[in-house]
Structure formats: C-alpha cells, structure tokens
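Engineer: The listed protein sequences derive, respectively, from chains W and R. Using our numbering, the first residue of the first sequence is number 83, and each one after it goes up by one. Using our numbering, the first residue of the second sequence is number 83, and each one after it goes up by one.
These aren't lab readings, by the way, just hints derived from the structure by calculation. Note that this is a predicted model, so its numbers are computed, not measured. Check the hints yourself; a few may be wrong.
[What the hints assert, rightly or not] SDA-like, lysine to any residue: derived pairs with alpha carbons at most 20 angstroms apart:
no.	chain 1	residue 1	chain 2	residue 2
1	W	Lys201	R	Gly144
2	R	Lys198	W	Lys201
3	R	Lys201	R	Arg191
Number of protein chains: 2
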Amino acid sequence: MTLSHQHRTEDCRAVSDVLSRIGDKWTVLVVEFLGGGPLRFNELRKMIGNISQKMLTTTLRGLERDGFVTRTVYPTIPPRVDYELTDLGRDLLVPVRALGEWARQNAGRINAARAKFDKISEAA
Amino acid sequence: MTLSHQHRTEDCRAVSDVLSRIGDKWTVLVVEFLGGGPLRFNELRKMIGNISQKMLTTTLRGLERDGFVTRTVYPTIPPRVDYELTDLGRDLLVPVRALGEWARQNAGRINAARAKFDKISEAA
C-alpha cells in the first residue's frame with residue numbers, strides 16, 4: 083500500500099458513508115422533490131408514486147436524523163405534517179445534482195456497457 | 083404534482099440508478115483505489131482490508147458490467163489479474179470526488195445532527 087493510498091482511505095470512508103446514506107433511490111427522490119420547496123407527507127407520497135407509507139416514513143426519518151430535513155407538525159384535525167430541506171439538505175443538493183448531471187450525460191454509455199457485458203456473459 | 087416536479091422525476095431516476103449502483107462502500111473504495119492506477123486483485127484486497135474474496139469479486143464484476151473497470155488476465159502461473167479504470171470510470175471519479183469533498187467538509191454537521199436526533203429520541 084502506498085502512502086497516497088493510505089491517506090485516501092479515510093476520505094473514501096467519509097464518501098462511502100454519505101453515499102450509502104443517500105444512495106437509495108427513495109432518499110434521492112425525496113431530496114430532489116423537497117428541493118422545490120416544503121411538502122406534506124401525502125404530497126410527497128403522491129409524487130413518488132410507488133412508495134409504501136412505511137418506506138416513506140423510514141426514508142424521511144433517516145433524512146431528519148442526518149439533519150437534511152425538518153419535520154413540522156401543525157395541530158390541525160387531521161394533523162398536517164410538513165417536510166422541508168434544512169440548509170444542510172440544500173447544500174447536499176449541489177453535489178447530488180452534479181452527480182445527477184453526470185448520470186444523465188453518461189446513462190447511455192453505462193447501458194451500452196451493460197448490454198455488451200451481458201451478451202458476452204451469455205455467450206460464455 | 084407540478085409540471086417542474088414531473089420533469090424532474092426522470093432525472094431523479096437517472097441519479098438514483100447511478101447512486102444505487104455506486105452507493106455501496108465497497109464500490110466507492112474500489113473506484114477510489116483504482117484512481118491511483120491499475121491494481122491486481124490481491125493488492126486491492128489488501129488495501130481494502132476487511133473485504134471477503136467473494137464480495138470483492140462481486141463488486142468488481144458489477145463495475146466491469148457498468149463499463150467502469152476493465153479486467154485483464156495474464157497467462158502466468160498462477161494467472162495474474164489486473165483491474166483498471168476505463169475512461170468512463172475515470173470520468174466518474176470527478177463527481178464522486180466532489181461528493182466526497184462535500185462529505186468530508188460536512189461530516190461534522192451530519193454527525194452532530196445524528197447525535198442530537200438520537201438524544202431527543204431517547205428522551206421521548
């Protein structure tokens with residue numbers, strides 16, 4: 083192991099921790115939707131479409147724990163619950179959107195690589 | 083659902099697909115280590131430390147399938163197998179390192195948010 087490799091390991095773990103956290107599709111979708119402004123639980127659920135109530139609750143709770151999202155309960159009947167990005171959550175949008183831009187630009191290359199790989203694997 | 087939200091959904095899915103793919107800690111570590119140049123399987127394994135042979139094989143196969151890594155077998159005894167980032171893999175390093183930079187700069191804020199959240203949850 084070279085010295086530069088050793089130095090990079092700590093950084094890698096910080097990256098991988100954040101990526102593991104935000105790297106599930108629901109988390110990214112929720113953060114992106116909340117990038118447009120605060121939303122109620124049911125608004126978010128309708129926008130995402132095929133997410134269960136339990137999964138959305140879990141996703142939001144994880145984002146709240148990490149300090150990316152705030153949860154505000156209004157004492158109406160029935161109670162209204164709003165979710166909103168924090169300053170940290172809005173900060174996170176910047177590199178996430180940069181990665182998103184990369185993903186959009188390179189999705190074709192990734193899909194082509196996959197198709198080629200699968201064709202070779204089938205032939206083998 | 084607003085129009086801007088609808089437009090964003092396709093982008094979100096492209097992002098989340100890429101994030102899901104690279105968002106496990108092994109994948110990020112492997113891509114980062116290979117950023118320093120080609121490595122043999124056993125060199126990679128030693129650098130990462132606590133990864134099983136099976137998990138490293140699975141991780142590398144996924145990266146190869148997506149077109150981020152090439153695998154070259156040299157017919158020595160025992161066979162030598164080198165892994166190297168492709169042009170696409172090196173491209174990917176750019177946004178991944180940007181996110182990594184963000185992660186390093188904000189790890190303290192995330193950890194503080196978690197500690198606060200857990201303290202409140204315990205008290206409740």
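Engineer: Any of the earlier hints contradicted here, and which numbers?
Structural biologist: Hint check: 2 fails alone, others pass.
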